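Using the sequences and the accompanying hints, generate a full structural model.
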Amino acid sequence: MAIEILMPALSPTMEEGTLAKWLVKEGDTVESGDLLAEIETDKATMEFEAVDEGVIGKILIEEGSEGVKVNTPIAVLLEDGEDADAAPEPKAEKTAEKAEEPESAKAQDAPKSEAATAAAPPAPKKDGERIFASPLARRIAETKGLDLTTIKGSGPRGRIVKADVESAQKSDAPAQSKAAGSAAPAPAPATSADSETVKKMYAEREFEEITLNGMRKTIAARLTEAKQTIPHFYLRRSINLDALLKTRSEINAGLADSGVKLSVNDFIIKAGAKALQDVPDCNAVWAGDRILKMKASDVAVAVAIEGGLFTPVIQDAEAKTLGVISEQMKDLATRAKDRKLAPHEYQGGSFAISNLGMFGIENFDAVINPPHGSILAVGAGQKKPVVGPDGDLTIATVMSVTLSVDHRVIDGALGAQFLAAFAGYIEKPMSMLV
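In UniProt numbering, the protein residues as written are 1 to 434.
To be clear, the hints were calculated from the coordinates, so they are not data collected in a lab.
Fair warning: there could be bad hints in the mix.
[What the hints assert, rightly or not] Okay, the calculated beta carbon distance ranges per label pair:
| # | residue 1 | residue 2 | range |
| --- | --- | --- | --- |
| 1 | I131 | E62 | 30 to 38 Å |
| 2 | D390 | G254 | 30 to 38 Å |
| 3 | T211 | E38 | 19 to 27 Å |
| 4 | D316 | E206 | 24 to 32 Å |
| 5 | M358 | D316 | 24 to 32 Å |
[What the hints assert, rightly or not] In silico lysine to aspartate or glutamate, DMTMM-like type, Cα no more than 20 Å apart, as pairs:
| # | residue 1 | residue 2 |
| --- | --- | --- |
| 6 | K274 | E209 |
| 7 | K428 | D390 |
| 8 | K21 | D34 |
| 9 | K337 | E79 |
| 10 | K217 | D194 |
| 11 | K58 | D80 |
| 12 | K69 | E16 |
| 13 | K58 | E79 |
| 14 | K227 | D365 |
| 15 | K295 | E306 |
| 16 | K261 | E250 |
| 17 | K320 | D365 |
| 18 | K293 | D278 |
| 19 | K217 | E306 |
| 20 | K144 | D316 |
| 21 | K428 | E209 |
| 22 | K337 | E47 |
| 23 | K246 | E53 |
| 24 | K25 | E53 |
| 25 | K295 | D316 |
| 26 | K25 | D52 |
| 27 | K330 | E427 |
| 28 | K246 | D257 |
| 29 | K340 | E16 |
| 30 | K383 | D242 |
| 31 | K384 | E427 |
| 32 | K274 | E427 |
| 33 | K144 | D298 |
| 34 | K261 | D242 |
| 35 | K337 | E327 |
| 36 | K69 | E47 |
The model shown is predicted, which means the values in this text are computed figures rather than measured ones.
Every residue, glycine too, gets a C-beta built ideally from N, C-alpha and C.
What follows is the structure in structure tokens.
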């Protein structure tokens, strides 16, 4: 029986994507776990694997096609010996009226599908009940220490595939954490005028019209949601960098032969992680009707890429050495720019850092990425006159930081305590090494 291979949902917020590249061609034989295509989502380019074995009978969507809706048929998989001409024609998208048909009618009309969007949390499997999962999904689950009985499969008949496992959290995490991490798609950004109206305003001027890609649409929707729904307030502080710069220089000189080179941002990540442990009420996220207070310091770091940005997460940053943080950050930043991050590498965290100091920006206000409780905007270090503890005027390298805070999660005094703890680690960097 022919199977329709559908456009997969590779992240919780994915509604459409670009079929970047086919890794198979018509007539190829594939087995469960074989790679079929590269799919470009709003965040990354990810590989899509086969769930069933068979022969690629028809490719319905050409590579390079943009705006392919989730669950759109993209190819047809045939059994050995089955005629490609017998493959079903791709079905048109169901209308809203069709979607409201009784469940029994929908069950009769539903095609056998290779991928489907997960809509509800999985029900725990009964003891002894068989778990349907692809071999690759099983290997990844074993590596990550995941319980397959807690994962909802998006393949046919609920089969668990690679994308399901990679986006899943560890089975021993609180249920609330899982719910908070799977944010619903953000509403479309509100506009004061449609594109045609705006274009008419500039009809006599020369301009280039740029169509929004998936990433830019997501950024627009998420940040519009953030500014409209999160009650931001801002705390600012100047921090002396001289001791940190001296310590960094000494460490890098001592480790030059090993190839380790710490950046100022590595120290900032570590200081933020330790400050969250010192002021644990700031290590929290907003979960709609409650606050989730996190145990580990999972720090998201903004990375600029062409056409947008990623916020890869350094997990358990408080427990990692500066060398490990530096190595992981370099790896995450490199793969972010190549759009090769897996969803679990840029989702989660309770706190974020956005550093524009390398561009000479003195200070700025960053927008909180929900459900985070705060984000730290870091400016450039600049030589400024400073009054020393004995009253003498000296010149020091001073960095300005601004903490954007969700007032639903963190109050002003609490945010001030966090900034004080953060400044303490930056101004006494040796305290981060013990």
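Hint check, failures only: 4, 6, 9, 15, 17, 21, 23 and 27
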